[in-house]
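**Q** The chain contents come next:
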Amino acid sequence: GDSVTQMEGPVTLSEEAFLTINCTYTATGYPSLFWYVQYPGEGLQLLLKATKADDKGSNKGFEATYRKETTSFHLEKGSVQVSDSAVYFCALLGAGSYQLTFGKGTKLSVIP
Amino acid sequence: GAGVSQSPSNKVTEKGKDVELRCDPISGHTALYWYRQSLGQGLEFLIYFQGNSAPDKSGLPSDRFSAERTGGSVSTLTIQRTQQEDSAVYLCASEPRAEYSYEQYFGPGTRLTVT
Chain A
1 GDSVTQMEGP VTLSEEAFLT INCTYTATGY PSLFWYVQYP GEGLQLLLKA
51 TKADDKGSNK GFEATYRKET TSFHLEKGSV QVSDSAVYFC ALLGAGSYQL
101 TFGKGTKLSV IP
Chain B
113 GAGVSQSPSN KVTEKGKDVE LRCDPISGHT ALYWYRQSLG QGLEFLIYFQ
163 GNSAPDKSGL PSDRFSAERT GGSVSTLTIQ RTQQEDSAVY LCASEPRAEY
213 SYEQYFGPGT RLTVT
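Chains as they are written, first to last, in the working numbering: chain A, 1 to 112; chain B, 113 to 227.
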């Protein structure tokens with residue numbers, strides 16, 4: 001079945017540092033890929049998405065590129081802020097499916 | 113506009129009791145999902161409703177779990193004879209499925225603690 005593997009956390013960075021959170025997936029066909037973010041005390045919010053190979057999703061300074069050859073969708077941000085502290089979830093939607101498959105989440109803490 | 117709302121936000125119950133969790137989706141969204149978020153298992157799909165079609169219950173962990181969606185809007189997830197392993201955050205999401213947006217909008221969740 002479909003699965004998502006993302007790097008274990010927690011990740012602690014200083015403000016303005018470069019962020020990478022790795023995500024790889026296993027799926028048949030051509031899934032859509034997502035990053036969701038969960039800020040403390042809040043629900044999941046869609047951060048960005050990519051629906052086909054080589055697409056780049058971007059939002060709020062975050063980017064991720066759908067790499068079919070490496071089955072990856074790594075999240076990056078060039079300069080993190082304290083307000084980026086949250087848990088980040090990589091997820092996929094299998095082709096023809098409707099249920100999201102999530103990774104286990106990576107907690108990011110950004111310190112001033 | 114209003115997002116997905118869930119109630120209660122927190123629920124503490126004794127083992128063996130039944131609980132009902134409520135979800136109000138975004139108006140006009142035809143698809144509704146329930147997920148469970150727990151420390152050991154991460155986020156797990158539970159059940160999916162789409163319009164008037166029969167729900168996909170394939171993610172429900174046991175027959176103690178059931179859900180209904182009345183009038184294509186509000187949904188209730190019921191857990192009977194709760195067990196400690198049911199302790200988790202239960203998340204509801206809705207989606208304007210007819211538009212194939214592939215974007216699920218999540219509520220804030222209900223944190224269930226079974227003592």
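I should point out that these hints are in silico values taken from the structure, not numbers from a laboratory.
It cannot be assumed that every hint is accurate.
Unchecked claim - Okay, the calculated bits of chain B under chain A, using three or more residues with CB under 8 Å as the criterion:
#1 129 to 137
#2 141 to 154
#3 157 to 168
Stated by the list, open to error - To give an idea of the chain A side of the interface with chain B (calculated C-beta under 7 Å), a few residues:
#4 Leu46
#5 Ser97
#6 Tyr98
#7 Lys104
On a predicted model such as this, the values are computed, not experimentally measured, just so you know.
Ideal Cβ placement from N, Cα and C applies to all residues, glycine included.
**Q** So is the segment 141 to 154 of chain B in contact with chain A by the C-beta rule, three or more residues under 8 Å, or is the coverage claim wrong?
**A** holds (count 4)
**Q** Quick one, is the Leu46(A) hint okay against chain B at 7 Å, beta carbons?
**A** OK, holds: Leu46(A) within 7 Å of chain B, min 6 Å.
**Q** Measuring from the C-beta of Ser97(A) to each C-beta in chain B, is the shortest one below 7 Å?
**A** violated, 10 Å
**Q** Holds or violated: Lys104(A) as interface residue toward chain B, Cβ cutoff 7 Å?
**A** holds, 4 Å
**Q** Taking a Cβ-Cβ distance under 8 Å as contact, does the segment 157 to 168 of chain B have three or more residues in contact with chain A?
**A** It holds, with 4 qualifying residues against the three required.
**Q** Using 7 Å as the Cβ threshold, decide whether Tyr98(A) counts as touching chain B.
**A** holds, 6 Å
**Q** Check whether three or more residues of the segment 129 to 137 of chain B sit with their beta carbon closer than 8 Å to a beta carbon of chain A.
**A** violated (count 0)
Hints 1 and 5 from the list above are not met by this structure, while the remaining hints are.
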